[in-house]
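Take a look at the letters that make up each chain.
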Amino acid sequence: MGSVGAKEVPQLLNEAGRRIDGRGLEDLRALKIEAGILNRADGSAYVEWGDNKVMAAVYGPREVHPRHLQQNTKAIVQCRYNMAAFSVDERKRPGLDRRSQEISKVISEAFESVLFVEEYPRTSIDVYIEVLQANAGTRCAGIVAASVALADAGIPMVDLIPAVAVGKIAGKIALDLKKEEDNYGEADLPMALVPRSGRLVLLQMEGHMSRPELEQALDLGVKGCLKIYEVQKEALRARYAVRSTEAPEVAA
Amino acid sequence: MGSVGAKEVPQLLNEAGRRIDGRGLEDLRALKIEAGILNRADGSAYVEWGDNKVMAAVYGPREVHPRHLQQNTKAIVQCRYNMAAFSVDERKRPGLDRRSQEISKVISEAFESVLFVEEYPRTSIDVYIEVLQANAGTRCAGIVAASVALADAGIPMVDLIPAVAVGKIAGKIALDLKKEEDNYGEADLPMALVPRSGRLVLLQMEGHMSRPELEQALDLGVKGCLKIYEVQKEALRARYAVRSTEAPEVAA
Amino acid sequence: MGSVGAKEVPQLLNEAGRRIDGRGLEDLRALKIEAGILNRADGSAYVEWGDNKVMAAVYGPREVHPRHLQQNTKAIVQCRYNMAAFSVDERKRPGLDRRSQEISKVISEAFESVLFVEEYPRTSIDVYIEVLQANAGTRCAGIVAASVALADAGIPMVDLIPAVAVGKIAGKIALDLKKEEDNYGEADLPMALVPRSGRLVLLQMEGHMSRPELEQALDLGVKGCLKIYEVQKEALRARYAVRSTEAPEVAA
Amino acid sequence: MSDEVTAEILTTHVLDLAKKGRRLDGRGVDEMRPVKIRTGFVASADGSAFVELGPTKVLAGIKLEPGTPFPDTPNAGVLTTNAELVPLSSPGFEPGPPRPEAIELSRVVDRAIRAAEAIDLTKLCVTPGEKAWVCYVDIHILDDGGNLIDAAMLAAMSALTHATLPGERFGLGEDKPLEVRHLPIETTFARLGDALVVDPVSEEESACQGRLTIATDEAGNVCAMQKGKVGAFSPQDVLQMADRAQVHGDRLRDQIRAL
Amino acid sequence: MSDEVTAEILTTHVLDLAKKGRRLDGRGVDEMRPVKIRTGFVASADGSAFVELGPTKVLAGIKLEPGTPFPDTPNAGVLTTNAELVPLSSPGFEPGPPRPEAIELSRVVDRAIRAAEAIDLTKLCVTPGEKAWVCYVDIHILDDGGNLIDAAMLAAMSALTHATLPGERFGLGEDKPLEVRHLPIETTFARLGDALVVDPVSEEESACQGRLTIATDEAGNVCAMQKGKVGAFSPQDVLQMADRAQVHGDRLRDQIRAL
Amino acid sequence: MSDEVTAEILTTHVLDLAKKGRRLDGRGVDEMRPVKIRTGFVASADGSAFVELGPTKVLAGIKLEPGTPFPDTPNAGVLTTNAELVPLSSPGFEPGPPRPEAIELSRVVDRAIRAAEAIDLTKLCVTPGEKAWVCYVDIHILDDGGNLIDAAMLAAMSALTHATLPGERFGLGEDKPLEVRHLPIETTFARLGDALVVDPVSEEESACQGRLTIATDEAGNVCAMQKGKVGAFSPQDVLQMADRAQVHGDRLRDQIRAL
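So the protein lines, in turn, are chains X, B, U, G, H and A. Going by this note's numbering, the first sequence runs without a break in its numbering and finishes at 252. Going by this note's numbering, the second sequence runs without a break in its numbering and finishes at 252. Going by this note's numbering, the third sequence runs without a break in its numbering and finishes at 252. Going by this note's numbering, the fourth sequence runs without a break in its numbering and finishes at 259. Going by this note's numbering, the fifth sequence runs without a break in its numbering and finishes at 259. Going by this note's numbering, the sixth sequence runs without a break in its numbering and finishes at 259.
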């Protein structure tokens, strides 16, 4: 989208309807999720998704810092999305820029929509997302990882929330854009779904979509999320399997 | 005053003793004050004065943030004078620069001099001034607006405080400088008066004035303030008139 | 040390084994210490050491700001090492850069190692060091001054801590480097000693030293510290002498 | 009574009203508050608009100054949008860096202007790679009566639509109107139970179970969306709101063009 | 006893003394504390002065470096004044951005130097629009015994008066004395009831009902004024203090010139 | 039980163990935790290494970009090291400017690389005084299991040793390996009573009476030292640790070179 005045636009879709990495319009990039990869955090997960590498950690429910943010009737959810300086082509200055702060806000709101915050008044549930290598779709990868990390931390949720971006390339609605598609495509629409209710807790969009395209994009995104949901659950099953093997040792 | 190394100085006073906008040395620019123009604020006022446009809002007395600034024996008065990015010829970076912070300080002290702060211990009276369009004399315009906003908020004061700058152009003492006069004049002396006591609660000056000129300037400034005082009172009368018309409706 | 790509290296040691200012390898620069030079501070000292001029002040034990840093079982020691903008050849931007923050940290830890912090729970002992003129060795000069200022403030310590840097110039271990020696030398090793225990509470090093050179450097540094220790004690004796002369007057 | 208790009672009240198809200020579910726009308010700006959306008051000012293009877009000018919740606007002001709400506001307005390609930035290039116009859109929120995003966007687009490229001031040719190619409008909805109300007031924003902003253009495209606040929407909700946003957008575009 | 109670008792005491024409340290109403000035204190600076005003201690250092003139004054050098209340100086230090008192101090000193045209900035231009000297005046407050403005101004003007333009260090000609055209001095007064006392100590500044600083030059002009603190002055008060400031200023100018 | 009480009990336990020559995790006094290094972890970086030192996890990424040499070293490239204790790594994270621990960590790693002359910065100069490579070493602490300095240094040197100078991306010649001249390694010790234990875990760092980090190079030199934490060391302690640091350093250098 941000390609005003840029020089050459690559061919994003070939004659056979294949994308630059060979995928069809409705295909996801390869996705790998591992839960419980950090020792200090209460819950954690690592996601490799196409060329994205993202780590998430959860701390809490715990005391609120700074104290004046504390709420008497519920937990607050504080998400911090951050990109490593070396995660992108041109080195990014360390620290939270305005983009990161906006993303942190909408992800915080997405998770607060599925956490039972009233159960933990006066506490904070802190969700940290570090993008180690970025290739479009990092906020969705962050949500996917953080969902699993929250489950790994044992924090009750309505549901895990899968997330994916749908876009428009060469006039067609396509699932899960990679970097070149995001840079030279016509629209980008990231979303996060609560599978149990069929409702969206995160939704952003920029570009151009007609009303029928928007309908098609939402539909494709929901389908994509449901596939991702399965991978998330599988990662948690693998994690619990390890834990239950470990358990006897600890008990012995 | 800040015209070191500048190229051409305009003629600030013609043969007939008229200033570039046709005023005589003791004339004020046109002044219009409207009270109660904002909904959320406890009190507010809007001032158009020559080519200045300034808005003021008052909140309080209310809890002090941050808490450690609270005083047990009196209210604190916190003024924040700010210029909009687009209020000046060359865009100003948003945020409080050192000039704005200094002006905020002296205005805070001016108002604390006329407010009954001992009546409201442990609270803050917050005065916010936004300069939307600037043409010399904005701190005085801000004080004029804020005075009316404080009265509109129903906060008891010794008196309203009118304010005006006196300057020196082409060797003569002149009232209420506009931008070119301020830029190319020889002195600028902003002041704020308590009409009831005849004393000054704000006084600054830079430039060159001999002892007799200083006396003349103070004298002219006091006269100017007394004219402005009438416009302030008129704005409040108009405001109370509206309110008293409204009152029966509310009571009915 | 920081001389990558620099043009010409001066001759740091002549044929007679003399350094650029005529000193031998084991000689200190001239050192003058005056205690009690400030009125407001609880304790203070001024040090001239070669071309260094450093002032130190101590406040405390007193209430901790900000409050959340307070510790229930001991005093915290907060040192702030700062260089004046005009203290170096090229003007330094005012404010604490990362170097100053690191030095502040290691000095804080050095003093906490000799103060009876358990005696003053929930308080802060604040040590301020201002470098007014800098010529290599300012952190050591700051420690020397701050030690005396702490004693002047009457805060009990295990011992005064003298400090000095040892370095390597033209392949030889040398005591108390001055600026050119520091810039073009091969190593710099600042240390602070507790004479009573023979132990080091501050130790840093950068450059190149073989194992035998390191041993020689530590040995030379300890000897240098013991000389400085005498000057510190003399400064305090002079201070107490003034005080005891003053005392009768006060009592009268 | 504590603030939290007051807030809870108000939330319940707003949601109860919504169940009966009613709103706090008596409006219909799809009824916006009246919009007043006054352009040319600030003489020191190259374009400006004072917008009232019911009690909400917003002032936008445009400044155009020569600068350097970004290295990756050497043939384009630069657009910078900044919204400030100045402390006049509500009792909630705190000193310090801008809060997430203010950052989101700036970015959502900026994104819609940019995504709709409202300004052809290549027209703002003076010398490729060297000199280009920087277009600053500064938005002052003066009185917060709710739905700041829509009010800020109306102010920004009204100010841009009536702005001047000040060539003479910088020796870069004659003054001429800034060219606005498309006119995106943002429309915000809040979910209150099953109701999706347009143009929420502050109390509705606090009570809502999800807020959605949709930017449309005059060609019938959706150009930007932003879900905010805790809560969720079904895809059907989104499509319904997109249709309604288009209607509101078209009406407001007419109003701006008629100024 | 709380700090506030202590402060109140001290204020009452100071005001009671003033009624009888007396002051805390026994001085007369128009009597300044002794001024000691030592120039050339800092070898790394291009000019410096250590000033003691009674127990108040201030160190000013001048640095001159080549830089770029401001676009609107292409023929002039740049003057930058910065005063720091370093934490040695009093128990009131707090980390963080400079507080309003420190900002006011810097600006009041800067304004007087500038308004009096103490330095002819056009003489600091090297190549118009391209290169000019930047003159940094950095002031360290080391011991706060009250009346920092006057002490800081004395330090700044003493340091400037004995500063060197370091041409050789930057390949810009020979070293030569920095030319000081005028010698403004600031004199500060505090109102204690009906008394207007010169050169207030800290306790008098806390107790006062208005503080006024007046800068004069050697030609008998007032060049700058700054009212500070809560309180008020009649125009007659101001004129009386202007006369007294001129006398003190002339005396201190002689002292600086005699260094 | 308060945090402070818990900490005190743990400290006593750690020190009691040390008296008997034992450690919390069963290691010997001179035994390091196992080191796993994976280079090339981040494709967007010009060099990277993911290092595990027991449970401690650190990721370093190298970026090389053209920039301007410093005026006082016109013939040299620029090295910049930055370590971030990202909030994933431990419960102690607080928003705001980096804390002294993080600053010390960055500077200690930076100093060792620089003092050992690991990179010949003159080889990174492109055009003297005008263009030179800037080498950014960014270190992310991901999981804090203690002894961050050694882990960060291992990650930095592993990433540098396997980094590429990306000439092609910037039109500055062919890509080629970044030349690493020396391979400094840092080894950290903690004093627990009379014991000097290598590679302390977090609890040992909290309990210790002094921490010393020693960087050695392959020629048997000590290149950098940093004493941290409250506590003290005798010169004999320092020499003993220097000998031990050399042994550990040589072993880890072999491990990095064998990657």
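One or more hints might be untrue.
[Said to hold, decoys possible] So these bits of chain G aren't anywhere near chain X, every CB distance computed over 10 Å: (1) E4; (2) H13; (3) K20; (4) G28; (5) V35; (6) G92; (7) S106; (8) A112; (9) V126; (10) R181; (11) E205; (12) D217; (13) K229; (14) V238.
[Claimed, not checked] Reference listing, derived: stretches of chain A covered by chain X, where coverage requires no fewer than 3 residues with Cβ under 8 Å from a Cβ of chain X: (15) 36-45; (16) 56-70; (17) 80-90; (18) 141-151.
[To be verified] Here are the computed lysine-lysine pairs in the DSS-like style, where the Cα-Cα straight-line distance is at most 25 Å: (19) X/K105 / G/K19; (20) X/K74 / G/K229; (21) A/K229 / U/K105; (22) X/K32 / X/K223.
If you're looking for bench data, these hints aren't it; they were derived computationally from the structure. The beta carbon of each residue, even a glycine, is placed where N, CA and C say it ideally should be.
Going down the list of hints, with the structure as the test:
1. E4: Label violated. Min Cβ-Cβ 6 Å, cutoff 10 Å.
2. H13: holds (17 Å)
3. K20: holds (24 Å)
4. G28: Non-interface label stands for G/G28: nearest chain X Cβ at 23 Å, farther than 10 Å.
5. V35: holds (24 Å)
6. G92: holds (13 Å)
7. S106: Given a closest Cβ separation of 7 Å, the condition is violated.
8. A112: Violated, because the least Cβ-Cβ distance between G/A112 and chain X comes to about 8 Å, which does not exceed 10 Å.
9. V126: holds (13 Å)
10. R181: Answer for G/R181: holds, closest chain X Cβ roughly 12 Å.
11. E205: With a cut-off of 10 Å, G/E205 remains clear of chain X, as the shortest Cβ separation is near 13 Å.
12. D217: violated (8 Å)
13. K229: violated (6 Å)
14. V238: violated (6 Å)
15. 36-45: Coverage by chain X holds for the region 36-45 of chain A (5 residues, Cβ < 8 Å).
16. 56-70: holds (count 6)
17. 80-90: It holds, with 7 qualifying residues against the three required.
18. 141-151: Held - the region 141-151 of chain A has 4 residues with a Cβ nearer than 8 Å to chain X, which meets the minimum of three.
19. X/K105 / G/K19: Violated, at roughly 29 Å.
20. X/K74 / G/K229: Holds, at about 15 Å.
21. A/K229 / U/K105: At roughly 9 Å apart (the allowed maximum being 25 Å), U/K105 and A/K229 satisfy the hint.
22. X/K32 / X/K223: holds (18 Å)
The earlier numbered hints that this structure contradicts are 1, 7, 8, 12, 13, 14, 19.
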